[in-house]
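Protein chains in written order, with the working numbering: chain R, 7 to 228; chain S, 66 to 195.
Read the hints as simulated data drawn from the structure, not as lab findings.
Heads up, a few of these hints could be off.
Claimed, not checked - Taking lysine-lysine and the DSS-like style, the derived pairs with C-alpha atoms no more than 30 Å apart in a straight line are:
id, chain 1, residue 1, chain 2, residue 2
1, S, K147, S, K113
2, R, K86, S, K110
3, R, K80, S, K126
4, R, K112, R, K225
5, S, K87, R, K86
6, S, K177, R, K57
7, S, K110, S, K126
8, S, K113, R, K112
9, S, K113, S, K126
10, R, K57, R, K112
11, R, K57, S, K113
12, R, K86, R, K173
13, R, K80, S, K177
14, R, K118, S, K87
15, R, K80, R, K173
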Amino acid sequence: MFGIILTIIAFEIGIFINNKWRNPLLNPILIATVLIIGFLTVTGIEYETYKVGGDYISFFLGPVTVLLAVPLYKQIQSLKRYWFPILAGITVGSATSVICVIACAKMFNLSKTLMLSLTPKSITIPMGSVFSEQIGGIPSITIVSIVITGITGAVTAPLVCRYFRIKNPVAQGVAIGTASHALGTTKAMEIGEIQGAMSSLSIGVAGVITVFITPALLKVFA
Amino acid sequence: MRILLQLALILGICYAGDLIHKSTDIPIPGNILGMLILLVLLCLKIVKLDHIKEVSDFFLKRLSFFFLPPAIGLMLVGDDVKSRWPLLLFLCIVLTIVTMAATGWTVQLLSKNSKDCTPTPKNSSKQSKV
Chain R
7 MFGIILTIIA FEIGIFINNK WRNPLLNPIL IATVLIIGFL TVTGIEYETY
57 KVGGDYISFF LGPVTVLLAV PLYKQIQSLK RYWFPILAGI TVGSATSVIC
107 VIACAKMFNL SKTLMLSLTP KSITIPMGSV FSEQIGGIPS ITIVSIVITG
157 ITGAVTAPLV CRYFRIKNPV AQGVAIGTAS HALGTTKAME IGEIQGAMSS
207 LSIGVAGVIT VFITPALLKV FA
Chain S
66 MRILLQLALI LGICYAGDLI HKSTDIPIPG NILGMLILLV LLCLKIVKLD
116 HIKEVSDFFL KRLSFFFLPP AIGLMLVGDD VKSRWPLLLF LCIVLTIVTM
166 AATGWTVQLL SKNSKDCTPT PKNSSKQSKV
């Protein structure tokens, strides 16, 4: 019970702060994570005690991921006209992300576990955390890196589009959704309707493509 | 559909995904296979959005709540990881920008070749903000 109550309270505080200041840096997941870890550290309560209640909540990660089919289905019509450039773009983007993680891990001498934890960092959390565990990463590191990636995307999307001359609204939306999942999509929706729709379509598609191509990329490059 | 039946349907699909994952060598997590199953069921109109409306609204609106407990596992990571956090932060930021640029360029380049590169905007006033 304790873990569930603590998680709910921390989450509500995170949502409250985020609603009040509407700043992408004040991400509710980040705030709640800091609050819970802070509370457990200050009170000296063991992680294992928290995990008893926490496991009831994480059980629902499975059904939550299945339900991601709903937003994907709602957007799938928008794929019909531009399916080739969109799918090609998402595949190139996902592969770029994974290959760059592998290359940087080698360059900076990161451990294999860390590298595996970072490879799914551009995809949505329910997919990324489970996938990270499956390939041998640490899900908690994956989740934090996914949140940082999402915040970066939401903050820098307009600048990246301008600086790299990405002008086509479809290209902008796909780029934002592929690189920075649901957090970036909130920004894409502010930029425009097409960008928002394309970005939310790309979240699910990029997740599936990343999960499909990562094992092969790891074999070739790692 | 009644709300508990909706939940049972989603859990059933999730379970089917796990079974497929365990009984074959597919390197795709069971919950993502479950998502693909639900997507196919929706596209074939075997399951309609109305059938699962309450459950999907409930879960999708509080999506991030369910990620919190796994994130708290961060407490357990060792000092070898903790000392690399500045580097990890830097990598996450740079690689996000690289990924975004690579994706955007690819889509833009490929759609230039087809005749109509911009779709007719429904709301053109929102278009020029970037």
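- Can you list which hints this structure breaks, lowest number first? Of the numbered hints given earlier, those the structure breaks are 1, 5, 6, 8, 10, 11, listed in rising order.
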